[in-house]
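**Student:** Here is what each chain is made of, one letter per residue.
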Amino acid sequence: MSRPPYLDPGLDAAVRQVHRRSRETHPSLLSSLPLWPGCALILILAASITAAEAQTTGDPGVSGPIETLLQWMPFILQGFVLNLVMSFLAMMLATVFGLFLGLMQISVISWVRRISWFVTQIFRNTPWLVILFAIIFLSPSQISIAGETYFISGWIKATVGFSLPVMANISEIVRGAIRSIPDGQWESSESLAFSRMQTIWMIILPQCVKRMIPPWMNWYAILTLSTPIASILGVQEAVGNAQAAMEAAGAREELLIPFYGSIMLLFFAYIYPIARLTTRLERRYAVRI
Amino acid sequence: MFEEIAPVFRELYETTGINFVFLYDPFEWERLFEGIVLSLQLIVACLTLSIIIGIIGAWAQGAQSRLLRTVVAGYIQFFRNTPPFVQLLFFFFGLGAFTPQIDAGGYYEPVISAFGWAVIALGCFGGAFNVEIFRSGIEAVPTATKEAADALGYTRLGSYIHVILPLALRICLPALNANLISLLKTTSLAYAISVPEVTYAANQIWSDNINVAEMMLVLFLYYNIVVAILAWGMHKLERRLSLPGYGR
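First to last, the sequence lines map onto chains X and V.
The first sequence begins at 1 in our numbering and counts up by one.
The second sequence begins at 1 in our numbering and counts up by one.
These aren't lab readings, by the way, just hints derived from the structure by calculation.
Don't take each hint at face value.
What the hints assert, rightly or not - Chain V regions said to be covered by chain X (calculated; three or more residues, Cβ under 8 angstroms):
no., segment
1, 81–88
2, 104–115
3, 185–195
Idealized CB from N, CA, C, for every residue including glycine.
Same shape as in the complex, but just chain X:
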C-alpha cells in the first residue's frame, strides 16, 4: 500500500482512524451490499413454505405444497427463461434507440431536439402497464411481407413495449453523460479539426461509456423486474405459468405463498448479483471532485 509521502505517519494513522470511525457510526450498506439478505430470504421462504405445509389437512390423495411446487418447477423455470429472453432483447432495443434518442437531444437542429425531448418525456412519464397495453392493442398482430403472413406473438409485442420506457431513460442517461464531459474536450477536438460527428463518436462518447455503465445496468435490473407485468396480457412467462400451475393443481390457498415466494426468489437470485456489481462499478467510476 502506497502512502502519500507528504503525510507524516502519525497524522496518516489519525486520518485513517477518523475514517474508520465515521464508517462505524454510519454503516453504509449501499457501499458494501452484503450477501446475507439473500440467505435470510431463503430462510424466510423456507419457513413460510413449511408453515404452509403444516397447514395442509393431510389428505392422502392431495400432495403437499412443497411436492406440488417441485412438480411444477420445470414449468415455472421455462417461463423464467422467457423473462430473461425478453429482458435481453428489450435491453438491446432500448440501448440502440436510447443512444440515438439521446444524441438527438443534443442536436444543433432545434426541431430534432424538441421532438426527441417530447418522445423521451412521454415514455418516461407513462406507466409501463399503459405503454404495454398501447403496444399490445394498437399494433397489428400479423404483418404481410411479400405475400407471406407473419403472426406477431404476444411476447414479442411485450418486449417492444418494455423497451420503450427504458429507451427514454437511456436517452436521458446519454444526454446527462455527454453534458458531464468538460467543454475543454469539445473545444480541443474542434481545434484539431474534428467534425461534430467525429467529435461525438470518437472523443465524447468513448469517455461517456464508463459513466453510463452503472445506470445502464441499473435500468437492466429494473427492466428485468418489470417483465412479469407481461403476464397480465397473457404472455406465458414465470408468473403466468405459476398461475396456470396453481390453477391446474386445484387452486388451493396454501399454494399461493410457496409459488409466488419461489418466483421472488428466482428473480432475487438473478438480480442481486447484478445489483452488487452495479454498486461496485458505481463506486469505482464515481466522479471525484
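Could you slot chain V onto chain X? The hints should help.
**Tutor:** Just chain V, lined up with the frame of chain X:
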C-alpha cells in the same frame, strides 16, 4: 357543461368514428371519473406511506441495535431486488388469504381490501427506495452539525427530528422527487388486483365500447399531467428549500 359538450362528441363519433364515449355517455363518464378519483387517492396514500417508511427506516438504520439495522437492510434488499408486480400479488393473494374476515351483513369481507393491499405493497416498495434516499441525505449532514446538536443536549431522537431530518430532507429532495414519480407510475399495477383505478376503468370502457385508441390517449394524458403536477410541485419545493451555500 356536460349537456353542452355531449352533442359535439356524439356527432364526432357518428361522423368520424372517433369515440370519446365518456364525453357524451353519463354512465361512462361516471366510471372514468370514479377511476380518476380512486387513482388519485391511491397515489396520495402510497406516496405518504412510502415517505413515512423512508423516514422511520432511515432513523432505524442509524440505530445502535444491530438487529434493527439488519431487519431494515433485509427489508430494503428484498423490496429492491424482487419484481414489484409479484410483490403485489404475493401481498394480495398470498397474505390476503390468511387475513381474518369480518361480517359485512350476510357475507364476509376481508379486513384489508384490494385497495388496502395495493397501498401496503406499493408503499413498502417505494419506501425501500426512500430509506436509502433519506439515509444518503442524513449522511450528507455535516458531522459538526450533529456534534453540535449532541453538545446542546439533544437526545438521539431529538436531534434526528429537530436537526438532522430537516437538513437531510432538503439535501435529498431531488432523489426523492425521482422516486416519488416512479412510484406514482407504479400505482397503475393495482389494476392487476382489480382496484378500479383509472387504468382499470379505462380498460372496462374500451372493452365495452371498442375504443382502445381513444382511451389510451386519455391514459397517456392523465399520467403525464399528474406526473407533471407532482414534478412541478416538488421542483418548487426544492427551490424554496434549497440550502444556501450548497449546489449552485
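**Student:** Checked against the structure, which of the hints given earlier come out wrong?
**Tutor:** Per hint list: single violation, 2.
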